[in-house]
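Visitor: Order-wise, the sequence lines are chains A and B. If you want our numbering, it's the position in the first sequence, counting the first as 1, plus 448. If you want our numbering, it's the position in the second sequence, counting the first as 1, plus 5.
To be clear, the hints were calculated from the coordinates, so they are not data collected in a lab. Keep in mind that this is a model prediction, so the values were computed, not measured. Hints are supplied without guarantee of correctness; some may be wrong.
Ranges between beta-carbon positions, derived for each pair [said to hold, decoys possible]: (1) B:Gln141 to A:Arg566: 40 to 48 Å; (2) B:Arg148 to A:Arg623: 32 to 40 Å; (3) A:Pro479 to B:Gly132: 47 to 55 Å.
Chain A residues, not near chain B, derived (Cβ > 12 Å throughout) [as the list claims (entries may be wrong)]: (4) Glu484; (5) Leu487; (6) Arg507; (7) Val509; (8) Gln542; (9) Phe568; (10) Met570; (11) Thr577; (12) Ile582; (13) Phe595.
For glycine and all other residues, C-beta sits at the position ideal for the given N, C-alpha and C.
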Amino acid sequence: MAFPQSARTATEDPRTPDVAAPVRIPGQPGPLKRYEGTLIGASAVLLFVGLWQLAAFRRVVPELFLPGPTDIANAFGAYVARGQIWPDMWASGQELIYGFGLSIVIGLPVGIAMGWYRRFNMALDPFVTFFYSIPRIALTPLLIIWFGIGINSKIAVVFLGAIFAIVINTAAGVRNLDPSLIKAARSFGASDAQLFRTIVLPGSVPFILTGLRLGLGHALTGVVVGELVAAQAGVGLMMATAGATFQTSKVFVGLVIVATAGMLLTYLIARVEQRFQSWKPSPQ
Amino acid sequence: MAFSNGRLAGYDPQLTSGGPNAKLRAIDVTIHYWIERSNRPFLAVDRVMLDIQPGEFVSIVGPSGCGKTTFLNAVDGLLPITSGSLELNGQPIACPGPDRAMVFQQASLLPWRTVLGNVVYGLELQGRLRSRDRVQRARELIRLVGLAGFEDSFPTELSGGMQQRVNLARALATDPEMLLLDEPFAALDAQTREFMQRELLRIWGETRKTALFITHDIKEAVYLADRVMVFTRRPARVKACLEIDLPRPRELSIKRDQRFLEFEDEIWRSIEEEVRADAH
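From just these sequences and the hints, can you work out the full model?
Guide: Here it is as structure tokens:
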């Protein structure tokens, strides 16, 4: 009774495959495969931050030009401690949510209608093309004259920044629907409403989400740049003030806040994308 | 001509008109559509005459691009006819209806729905049955087409042949009186194609739907049908009509049978004239 049963059969029978040295099947993921992306990405970021900190610590360039990560963390602590961060975040957050929300609420139906109804597209296309090709951020002074220096002007900037990407991509999604699916639905007697619900909407989801992601980038730009021009509160205003008074670390604090917000929202959109595209074959 | 017993004697309207009870009756059906590039109407189907009896399986063969599909779309009600009359059970066809169902050349499955969701789709659009009964009926048909166990798979996970089975099950689920098939096996590889032809005959044998099958493959047309109609090149006219009185059930081996080959040869010669005329 020297060996457990399984070990003995393995030594007696060399053909038993599961105890012999395992053969790596091509395409079989290794133990770290799942986390490979995260691990490599995180290591690269850590390495970068480390080098940055080292450069700042050695004062290769003066702090006024390049504060180190710890300087930024200290400035962030002070910003929080003085309580200034909350009204700024509240103002900027409202501008982003109202502006971006409004551009979704209006952009989706307009985009779908432009994709589906040829004549509606003919009527709106010149306007969309015009606005999409000018830098809408240049409208900010005008919008401040119209809506004042409060959050309303920034909501308008964000809205105008985001809506065209959403409209154009949604319309493209509807136009790119597989005509054979529409023919099949019609053949089974689908009404317009059924066609819309079962094919147009689910079929254009990938394009809609692309539009949202692009629109989000424009929206964040709108928040910051709008506040740089004129505002009463907000992360962008804080950055403008800090920059004007050579508080370089504080400018970086603003950058970090904006970047974090952008990454969080992009992640949210990516989650929605996964949820809607579970039917797609995996990319391997 | 070695083979001649009067079955293929040009177009004989007596032979195609089958009395007052025809399921589908086409009289002088003419279809135009508008060509945007040249900005004028184009004659796609020219005075087609055709009767199909209840329970009959009719194949239409013709050179590719001849207007067969256009005619089938009109039967489905997706396309208006310019003149003539096209009637199902004595009623003129104006729009798609639950009495017909189409099996498409491309599987045309909703990629975001499972097999079950796709087979249910037709019934769902027609608002028939309660959703529990729909699912039950869809499951029966998935079993009939031999896809039991794949109910929850997505179309992208299936082979081309399996997708066409889903396409067929979706059409059969609505329990149509007439099944319209638009080259459903054209995109499949040769072996899958033959196997699917036999499967279609088995399923047709179990359901006995009236069927109108479009193809450019002569063997396929002869193997499946009770009657083969030959269409001319554009515009499509009925060139010939051939009664295929081979016994049923038919095994694939019947394709090597002498009489099968004679049918095939006769149709081939008829189509060859069209293709040759087209090439000049």
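Visitor: Against each hint, give a clear statement of whether it holds in the structure.
Guide: Now for the hints, and whether the structure bears them out:
1. B:Gln141 to A:Arg566: 40 to 48 Å: Because 41 Å falls inside the window, the suggested range holds.
2. B:Arg148 to A:Arg623: 32 to 40 Å: With a Cβ separation near 38 Å, B:Arg148 and A:Arg623 satisfy 32 to 40 Å, so the hint holds.
3. A:Pro479 to B:Gly132: 47 to 55 Å: holds (52 Å)
4. Glu484: holds (25 Å)
5. Leu487: Since the minimum Cβ distance to chain B is about 30 Å, A:Leu487 lies beyond 12 Å and the statement holds.
6. Arg507: holds (57 Å)
7. Val509: Holds: least Cβ distance 53 Å, greater than 12 Å.
8. Gln542: About 35 Å separates A:Gln542 from the closest Cβ of chain B, which puts it past 12 Å; holds.
9. Phe568: holds (20 Å)
10. Met570: For A:Met570, whose nearest Cβ neighbour in chain B is about 16 Å away, the distance exceeds 12 Å, so it holds.
11. Thr577: holds (24 Å)
12. Ile582: A:Ile582 is indeed farther than 12 Å from all Cβ atoms of chain B, at 33 Å.
13. Phe595: Per Cβ check, A:Phe595 is outside 12 Å of chain B; nearest 41 Å; holds.
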